[in-house]
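So the protein sequences, as listed, match chains X and B. Under this note's numbering, the residues of the first sequence are numbered 1 to 430, in order. Under this note's numbering, the residues of the second sequence are numbered 1 to 430, in order.
Treat the hints loosely; a few may be bogus.
Since the list gives no way to pick one copy over another, a pair counts as held whenever it fits inside one copy or between any two copies.
Computed list of lysine to aspartate or glutamate pairs in DMTMM-like fashion (alpha-carbon distance at most 20 Å, straight line) [what the hints assert, rightly or not]: (1) Lys174 / Glu72; (2) Lys174 / Glu35; (3) Lys354 / Glu89; (4) Lys174 / Asp223; (5) Lys288 / Asp135; (6) Lys354 / Asp326; (7) Lys174 / Asp210; (8) Lys264 / Asp97; (9) Lys264 / Glu403; (10) Lys264 / Glu389; (11) Lys264 / Asp296; (12) Lys354 / Asp217; (13) Lys264 / Asp73; (14) Lys288 / Glu137; (15) Lys354 / Glu389; (16) Lys288 / Asp223; (17) Lys354 / Glu340.
Don't read these hints as lab results, they were simulated from the structure.
Protein chains: 2
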Amino acid sequence: MHEGLLERRTRANDAAVAAMLNADPVIVDVAPALEVLPGMTPNTILTSGAPLAWPEYSGGQRRAILGAALYEDLATTPEEADDLLHRGEILVRPCHDHGCVGSVTGVTSASMPVWVVEDAATGNRGHCLLYEGSDRERLTYGVWNPRVRRQLVWLRDVLAPQLSAAVRAAGGFKVHPVIRRALGMGDDLHSRNTAATAVFFQQLAGAILDANGAGEDTRAVLDFCARNDLFFLHVAMATGKCVTEAAAGTAHSSIVTAMAVSEKEFSVRLAGTGDQWFRSAIPELRAKLFDGLTSDDIAYMGGESLITETVGLGGLAAAAAFALQDYSGGTPQGMVETTETMYRITHSEHPLWKIPYLGFRGVPFGIDAALVSSTGITPRIHMGAARREGGHAGAGLLTAPVEPFIEAVNALQETLPIYTAPLPAHTGDE
Amino acid sequence: MHEGLLERRTRANDAAVAAMLNADPVIVDVAPALEVLPGMTPNTILTSGAPLAWPEYSGGQRRAILGAALYEDLATTPEEADDLLHRGEILVRPCHDHGCVGSVTGVTSASMPVWVVEDAATGNRGHCLLYEGSDRERLTYGVWNPRVRRQLVWLRDVLAPQLSAAVRAAGGFKVHPVIRRALGMGDDLHSRNTAATAVFFQQLAGAILDANGAGEDTRAVLDFCARNDLFFLHVAMATGKCVTEAAAGTAHSSIVTAMAVSEKEFSVRLAGTGDQWFRSAIPELRAKLFDGLTSDDIAYMGGESLITETVGLGGLAAAAAFALQDYSGGTPQGMVETTETMYRITHSEHPLWKIPYLGFRGVPFGIDAALVSSTGITPRIHMGAARREGGHAGAGLLTAPVEPFIEAVNALQETLPIYTAPLPAHTGDE
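Whenever a hint applies, use it, and build me the whole structure from the sequences.
Right, dumping it as structure tokens:
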């Protein structure tokens, strides 16, 4: 590698990581996707991962996209929706290109409410759908039926307005203190958000009451926020997107700004390669499944909760979350090793997000694709598992493939400054 | 040791520990001490530790007892209260003899509200005052002034009635699930109750709202329950007392049913030695103090939160609570060693209360004084530290003295069945 390039990359990575560490994410609202996502339109459906052409979507991710088209009344039958999607009258686009990240299928349509997390330092924003509920059958997990629809309507018409009012009544909620506390309480903020949800609820409950009074809806909203241990995950995801926005577009930087899966591919983006995705097949998930399920029962259907690993949480913070041991390699000692290994491919340590077992060492922060390429060590990811026919199936540990990181670093060297090139149209036929 | 005695003790210990493990503690009410504590009278003041004669109390414990006499309008000046205490017209008695445990000074008087935790299996009850608040100056820490009085009045007139109504509206709250979850979230349930408080609040908030509506008081009560991370400690303490009641009075058993300190002494009780206290001086506390304080600034003024260690929590569960490392020997590895050492002096492991880092091994449960005597290993205790002139000063690690355990085991062998002897009058002149 040319000496000048290396120095330039080092400076760029320092800048990219410093910008992310400087972020001060604050929950500022909950609002319909159409109102707050950049470039969102009524006939756009966002989904997880680097985009595929519509005919390539199958399985749960396809079912969820069709479901969203029906939910938004863009079509009255799945056949009609399919036709409109083929003709490009309904657009399928990647969440990441609209300031958003999605859980599993990640399907996000115009009327669906999203968390709005804003960096107080820069005004950058990240967004993510609200957690859909703990029912195993969800649009998130590739299921569309009347019950799923009813729940989405409740989220839109009851939960979201109350949360929006509560957030604004409270003047926003800072995210750093919640994540900091939760890491001290056994969360990795990806597969486990039990503590973050509880700690956030301690702030949120009073604000919900202040903003909405004590009616029947309020009681149901309080229950929903208190009883779903993954409620905070979607805040953590929006936060991840908000934080990585600070690094995105840093010329020459090999710092990873996104990792995402569609049902077919694992993809990464770097700070220095703009909106380009570097793709490969997805390795097998080492999952612990709910009783009665086997690995034949599960299938990938997308996912962008990997944004938490992108900011040092999830698998990178495994040593903070020993309660996940059955889902993360089997032993606490293995989880310590996981996190220790991650320091070899990260640029820095987060000064606020700390791991008690490691003597309050900061989480490994800022995945450097150049270090991934040179060591062959890839990010360890805590992932939810989906049933092939739809539904939540369990969770596990994914070791990212190395190829897209190598390809991305090569692209960085060859094609600088690609980040200034016109962005591709992302109409789903990339 | 006589062979028959050893076998008898083994059987007794099996029975005592089985009874404790069989307990199913449930929060059933919050009520004034006078209404629910066995043997409580309007002119009785309970305090921590094996009883001393009134003139022997000095420092913070004495100040708190005098404060309670004024709070209950038993006297109008400290001098009058002192006189009445000398004459036995105000009685000072140990919390433990009234089904109760106290935090630090442990001072509990007739009108003060206590948690009522009942074992669904036996009906045994344990009680403990409500957490007084996070102000460093509290009656708990040996301070009496108008501000302390105002807070006690608020606890009595606002917080306690709302909690009582909430508990009854909810049909009680089971304690096992809260402790189980909290141990998985970094609590030891003694020095750290951050997770337990948060998890409990997730259940409590809705019940408070249901029972009390949404007025200004409710908002203040919600804030108090949400923002004081040690709020649940006093539930954990009442639970410890409730659970140990199941073993108390088991003839021949060397299982510890209470550890407590007064300002002068460390004392233990065994299941097989009834209400007798075995006493010694208190070793130095290895404490981490708030900024600006030194070991010269702190003093013992009592404490019965050691009931948590008595049921396998606190220092015994150190390996669950790495966030406490600065207060518990300095390193996570040391905390693992602490817990591993405690298995050598405990009879069993709790089947529900588990430690993630130890592969979900149950906490060391049922301290056996015979094992303490034979190994010389004594319980490791997580303790709060008090300022000599009153107030909260920090927290630390106390290694129990071995002498009272040896003395208790000797007494068990010599004087069986002491537990059937008439109980001493405990008028404070023991």
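Consistency of the hints with the structure:
no., hint, verdict
1, Lys174 / Glu72, "neither (32 Å within a copy, 43 Å between copies)"
2, Lys174 / Glu35, "neither (22 Å within a copy, 44 Å between copies)"
3, Lys354 / Glu89, "neither (47 Å within a copy, 55 Å between copies)"
4, Lys174 / Asp223, "between (22 Å within a copy, 18 Å between copies)"
5, Lys288 / Asp135, "within (18 Å within a copy, 46 Å between copies)"
6, Lys354 / Asp326, "between (22 Å within a copy, 14 Å between copies)"
7, Lys174 / Asp210, "within (18 Å within a copy, 29 Å between copies)"
8, Lys264 / Asp97, "within (19 Å within a copy, 68 Å between copies)"
9, Lys264 / Glu403, "within (15 Å within a copy, 68 Å between copies)"
10, Lys264 / Glu389, "within (16 Å within a copy, 68 Å between copies)"
11, Lys264 / Asp296, "within (16 Å within a copy, 66 Å between copies)"
12, Lys354 / Asp217, "neither (37 Å within a copy, 37 Å between copies)"
13, Lys264 / Asp73, "neither (28 Å within a copy, 76 Å between copies)"
14, Lys288 / Glu137, "within (18 Å within a copy, 49 Å between copies)"
15, Lys354 / Glu389, "neither (39 Å within a copy, 35 Å between copies)"
16, Lys288 / Asp223, "neither (28 Å within a copy, 39 Å between copies)"
17, Lys354 / Glu340, "within (13 Å within a copy, 25 Å between copies)"
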